[in-house]
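Number of protein chains: 4
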Amino acid sequence: MLHEAKLKEECGVFGIYGHDLELAKLAYFGIFSLQHRGQESAGIAVSDGQDLISHKGQGLVADVFNETNMAQLSRSKDIVAVAHTRYSTAGGKGIINAQPLVARYLNGGMALAHNGNLVNAASIRRKLEQEGYFFQTDSDTECILNIVARYRHGGPEVAMQQVVERVRGAYSVAMIFDDKLIGLRDPDGIRPLCLGKLGDSWVLASESCAFTAIGAELIRDVKPGELIIIDSQGLHSKILSSKSGKGGLCIFEYIYFSRPDSTINGKSIYKTREQMGRMLAKQYPVAADIVTPVPDSGRSAAVGYAKESGIHFTEGLIKNRYVARTFITPGQEERELKVRLKLSPIPEVFRDKRVVLVDDSIVRGTTIKSLINIIKSAGAKEIHVRVSSPPYISPCYYGIDTPNEADLIAANYSTEEICQFIGADSLGYLSMEGLMEALNGKPHQFCTACFTGNYFAGRVGDDD
Amino acid sequence: MLHEAKLKEECGVFGIYGHDLELAKLAYFGIFSLQHRGQESAGIAVSDGQDLISHKGQGLVADVFNETNMAQLSRSKDIVAVAHTRYSTAGGKGIINAQPLVARYLNGGMALAHNGNLVNAASIRRKLEQEGYFFQTDSDTECILNIVARYRHGGPEVAMQQVVERVRGAYSVAMIFDDKLIGLRDPDGIRPLCLGKLGDSWVLASESCAFTAIGAELIRDVKPGELIIIDSQGLHSKILSSKSGKGGLCIFEYIYFSRPDSTINGKSIYKTREQMGRMLAKQYPVAADIVTPVPDSGRSAAVGYAKESGIHFTEGLIKNRYVARTFITPGQEERELKVRLKLSPIPEVFRDKRVVLVDDSIVRGTTIKSLINIIKSAGAKEIHVRVSSPPYISPCYYGIDTPNEADLIAANYSTEEICQFIGADSLGYLSMEGLMEALNGKPHQFCTACFTGNYFAGRVGDDD
Amino acid sequence: MLHEAKLKEECGVFGIYGHDLELAKLAYFGIFSLQHRGQESAGIAVSDGQDLISHKGQGLVADVFNETNMAQLSRSKDIVAVAHTRYSTAGGKGIINAQPLVARYLNGGMALAHNGNLVNAASIRRKLEQEGYFFQTDSDTECILNIVARYRHGGPEVAMQQVVERVRGAYSVAMIFDDKLIGLRDPDGIRPLCLGKLGDSWVLASESCAFTAIGAELIRDVKPGELIIIDSQGLHSKILSSKSGKGGLCIFEYIYFSRPDSTINGKSIYKTREQMGRMLAKQYPVAADIVTPVPDSGRSAAVGYAKESGIHFTEGLIKNRYVARTFITPGQEERELKVRLKLSPIPEVFRDKRVVLVDDSIVRGTTIKSLINIIKSAGAKEIHVRVSSPPYISPCYYGIDTPNEADLIAANYSTEEICQFIGADSLGYLSMEGLMEALNGKPHQFCTACFTGNYFAGRVGDDD
Amino acid sequence: MLHEAKLKEECGVFGIYGHDLELAKLAYFGIFSLQHRGQESAGIAVSDGQDLISHKGQGLVADVFNETNMAQLSRSKDIVAVAHTRYSTAGGKGIINAQPLVARYLNGGMALAHNGNLVNAASIRRKLEQEGYFFQTDSDTECILNIVARYRHGGPEVAMQQVVERVRGAYSVAMIFDDKLIGLRDPDGIRPLCLGKLGDSWVLASESCAFTAIGAELIRDVKPGELIIIDSQGLHSKILSSKSGKGGLCIFEYIYFSRPDSTINGKSIYKTREQMGRMLAKQYPVAADIVTPVPDSGRSAAVGYAKESGIHFTEGLIKNRYVARTFITPGQEERELKVRLKLSPIPEVFRDKRVVLVDDSIVRGTTIKSLINIIKSAGAKEIHVRVSSPPYISPCYYGIDTPNEADLIAANYSTEEICQFIGADSLGYLSMEGLMEALNGKPHQFCTACFTGNYFAGRVGDDD
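Protein chains in written order, with this note's numbering: chain R, 1 to 464; chain G, 1 to 464; chain W, 1 to 464; chain F, 1 to 464.
Note that these hints are calculated values from the structure, not bench results. Do not rely on the hints blindly, as some may be mistaken.
Treat identical chains as interchangeable: a pair holds within one or across any two.
As the list claims (entries may be wrong) - Straight line, CA to CA, 27 angstroms or less: simulated DSSO-like cross-link-like pairs of lysine-lysine:
| no. | residue 1 | residue 2 |
| --- | --- | --- |
| 1 | K243 | K319 |
| 2 | K338 | K25 |
| 3 | K267 | K223 |
| 4 | K319 | K376 |
| 5 | K25 | K319 |
| 6 | K197 | K243 |
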């Protein structure tokens, strides 16, 4: 999948509780390592239990934080921090929607970092408005904050129970609640949330790569429906709602979103992707000279395909790491220019070769079409496209920014038609069975709505 | 080689002559594709032969240019453009030194884009000052501009002849000279310069990847000592100075600087790097489970090593594409943190494995040491470091920003000592002979000063 | 009074209701003309009754708004706008505290612009927190917003009645309440608020100079304790709380804060200041050659003093309209440098002259001391300082940023001592009686706490 | 004259030579006090005689300099500094044209600050280009720098003699020449340049108000055609060219440009303006109730008019010190809005009054027309406009940015017609004789080209 047409994950969350630590710096490194999950805004909140302060801004983590604001966030008495990096899927992009969302109190305070997308935000909001509450942001996350605030005096267990009962959809939450660090995951566990340890201190993060960054150890995943409370008494856990049994973790975390060096539910992301590539080679073998990935998203699966098929793995496309502006009006010519600026072929690799081109998914099909055209111009004899996931046919309502169904090529055309449209010599999608074998799992353990249209947790607007 | 300790190339140059073309946009895409050669400043100058205008700024190409200034640079009557992307090796970093350097005239104008480093800038400057000329920048490039200006009325051939006679060192130049596009390369051809064609129009660029970006075709390299004049009469070429026979193209362009999709002197950069990896496997075979590169610099050679050795190629280190700040005082701990933030290991790949770790070079040795430590912590059983070039023992005076000799680890320690210092289980550097075999060439065809200390074109300050 | 030591007013508010008007532009010009009341941040909110949008930023009105955001705020269907320009007296300076504060609803919305300072914000906040409400800003204004939100469903009359009953201190409010424009002034009317008309449309503003700016007509002042509701039914007014009878409008609005071209409670600010100057001339006549103001604050009173005394009015100090940085460590020498950079004497005006120097007030006394020194150095023979208000002895709790009592020179020294300290030949403060005569009023009609220490509306923190 | 239509002076220059002084800070304060002479860019250069460094930027002095760059400019060994504040009259506005222009040498350096406008820049440039020199800016000032550079080796006297012989037009120059401070003024002395002393150190500045700012003493004006050389030997002076006797100092420096607290050629600017007002009262007496200035430019003359006529001086127009954007398409309505936002009338001052409205000049007549309309709407019964200079009929070629003759109302209409156009009840311009009496001088002692069309120093482009 090409970056321009990439599906966008919405957020990364991070939380840490501990004494005598450089909490703000650890939070910074935590969300820096989760930067791939959102590049629109970033924020850190810290608290000593009484006085909560925060800094948020638009842009990349490295743009938002500087020596001045980091110094202000680095107070020796702080005991808890949460942080967030955001790509907006609900609510606008403005600074107003940057997270953590903060509630200030004369004593204490709350800061909320949320990954996911609620499906009944509008109806919750309507009820809260009738009770005299109001909203300062466009973000569905403020619903959670309002519910927690309303039940704050009952303590975190009471308040989070209310959240679980009222809110539907996907949510993985890291939260400062006065002097406590709270973790919460929706009953289906659609978005990831991991628990780690740094010395005696507890850490929460969307992905385990954040633990690696700060030198912490992955302990386990937070369970679907589980509330985690960390304070001076240590860690306290409670399942607030049992799993529906109809769905689970977003399967695209394995296919594309999570970083290859993360481990989720005990599975290495890299290894499962390599395995997907191996399965793909079994399902769609082809006589070819080289296996080459669309960098970087197709690389792990391409390595697997190469290992299984015995065809040499070769880099053939060079990715320009810098971002260009094009200054050109839209159109087919521009689309190809954009692809060519981003991904440049090595002619000597492709000339007269039969190529297996591996990517993780096809969304609209326009960029892979341009890419194939470019590779052919570089001299390739045959191009066999291999996709390490099933056809993408349904938009996501749980936190991924996807096009309308009308723009999803696989929702409207057969594999054969797509193959012809993109100009490939053959096209193979990994089957659902192959995917499950690679994951060593069953479909009901995952959210596979994008491949099946089965929205077990409802759709946005269902009850509005 | 890790990015933090990367050797820095100074510049990329681009020039185009033609009618009815969107010259500014083509120049923009040209230097965008040369962005890897310099990220400090960027600039474009265009001329209709009479009226020359330019825009320059600090930062990346995409930061310097926006719709407003691109619209100003996009004049329908323009016939020639040059552009530059810069990393400073001589002169300060300020906007004042950004290129193209411009000389304005009542009729016509000159704009100069230069890649390389002069060794006798100070003595040239002294002479010019005595003749009443002065300098507005800190850059050695202004010496060339001053010489050209002084002999401008004789036309480009006379003026450039003066440049070749007076100036020593490395220079590849793309220049607007009133209504002409000029290309010039130093007699040894130390820095690359290619000639291409886009339809009927001629193009000059540091690397052929810039031609790919704009859909142009590589015709040939500009020859050492060759002057190229392009105007309404077409292309005119003249050898202004014959090659010394003692040196040639910077060998590091093949090893690291140039983009893998470029072709220089008829050789594919990617292919020669893969070949270096193959030679390395022949010279330093080892019993191992995986071959993995230091991304991205070691990837091409690692693919070659894997092919030759039959050991599987695997990605094991995930590169964080974003830039972090560390907010931490210097020290060993911080160095490792920085490496870990940039390159994160996949534990499942390394656990209990014998690893061949491939990179293109070792400069100081501190970052590879941190990296080895990180990979060991991720569970690797053995780490065999393979370097696809000879030991780096001498600083560059021809346009690469290198540490002092005291900081070059291979200048001060034996391979065995380095192996011990970095904590590897074995260490192999590609020999000069192996390198030459990979390049299918002879040492005297290249500048190999960094590996040999043989400065055939003199050193900076020699005659000051 | 010199600008560096100026007392700072906190805010200017503006509101307008009407169809087919360029509401955002009118709001912009409104707060631009109130810019003297606050330079830290500015904001505008507009609504069509359903959909409320806003833009806020730090800095001057002209810095915060540009063509892009003004275009976004300029929607043809909008019917109501409020705007704010801020100097912070309570709460921090960050963007988070910029006004109008906004509450978003699925249908409708509220935007609140507030001038004044609450004295019981902490206790209100404590109660609201116990009811499950929370705060996102540091500003006391959010208390008002929370109260209104809680009682929103009863409509504006019910909600604003709650505000009046719960809140104590100074507040003049312009507010969007769904499809209505609301005006509210505290029962004592401490901060000004005027009602105007532009064609058929109603306008609210802190000062009438905002009406002049947009071509509107001043109708009357909003009465103390009065609620104004403007909607499609026209204007509806109700006195929510009767005046305490113990205080009234801040007397410093007449002395210094308001713009000379504003009219408050039927009195021209300029004319009352001229009248203060006349009274001052009657109370403290002196044989002198020239009357000269400390520009710009003393100019109106100086004109009055000159008219009454028959001594020629002359400009003698030139004010540098630009803002300097000093880059110098604090100290007496720097203080004088800063004064001299800001106010430069014309030697030919002062040489051998007996000077009456008129200003509106003395706060710390350090800058007038420097200024007298500068004028003496320019050759003045005698300097007679005349102050057009009584000695300033008590800090303000109702919306003016004042030093501690310990730093108020008149709170600690006699007039004679002050005269000696500042180096004047004589010093005269307008008496309270003279001030009242100039205002044609009685002390109980004004808040005179700064001259008397009589805090009839309580002090900040009284009931915390 | 209203600010929007103000004539713009191009520059202020400042220079200082001395040991053990905070040269950069003194230069900063110097140009800060000359900020009224140019607000587009600012710059400071300092040198120890060998190593010259500088900082320049676009915008106000306070925007260009901050603690970081001031610290870099504050070197203890420096002995000479020059500084500049610029409004562009020739050349574009870009940073490239910001002054001081700098010439760097291996030993020493030059930095040039220039006020004025050359009339033969193009022909000089053509000659220099033929000799091999080139230009990096659009500014005519670079001609001077190029000439000096060419003759640098003869020393400053030789080089500056060349400047005087080759260059025609207006120039007041402060320059670093290696280890010397140079002052130079054109033979007619069109632009001002003063010599002052701070302790043992010499100072140069466009106006004496810069000396007041730094606590220096005005010694005398630099003479027309005089070269000043200041170095370790002290001050050396030489008349390089004798005055033509046909013209002299720009008379508009007295009327409007210079700050009222400056003294030029022994005359206080404020006093001469007051005197112009007195002469105006004598020439155009009128029965009226108040005299009021257009602030700030008419204030000094209005005070004079009031003194002479015995009519009370009153402020009636309040100037908004902040800058607004209007976001409105051009047109008559907008013009009046702009005037009203900038200058707001006090109705109580004007109601039923006969008003004498004093300003220093009328350029286009459009803004005074709007202003009269505004004052009439505020209730004035009669408005008698008095202008403290003769009709402005000819554009300036010597450093003032003026409209074309077609746009100068007095170049095209009689006083009676202008009176009718602007809607005044009467209009009186100070006659040339009255002006000379106020200045106690003769027309040939001044450049009066704007009132007479007598361009004694030629016009721009004369010899091109």
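- Query: Which hints from the list above does the structure break, by number from lowest to highest?
  - Reply: 1
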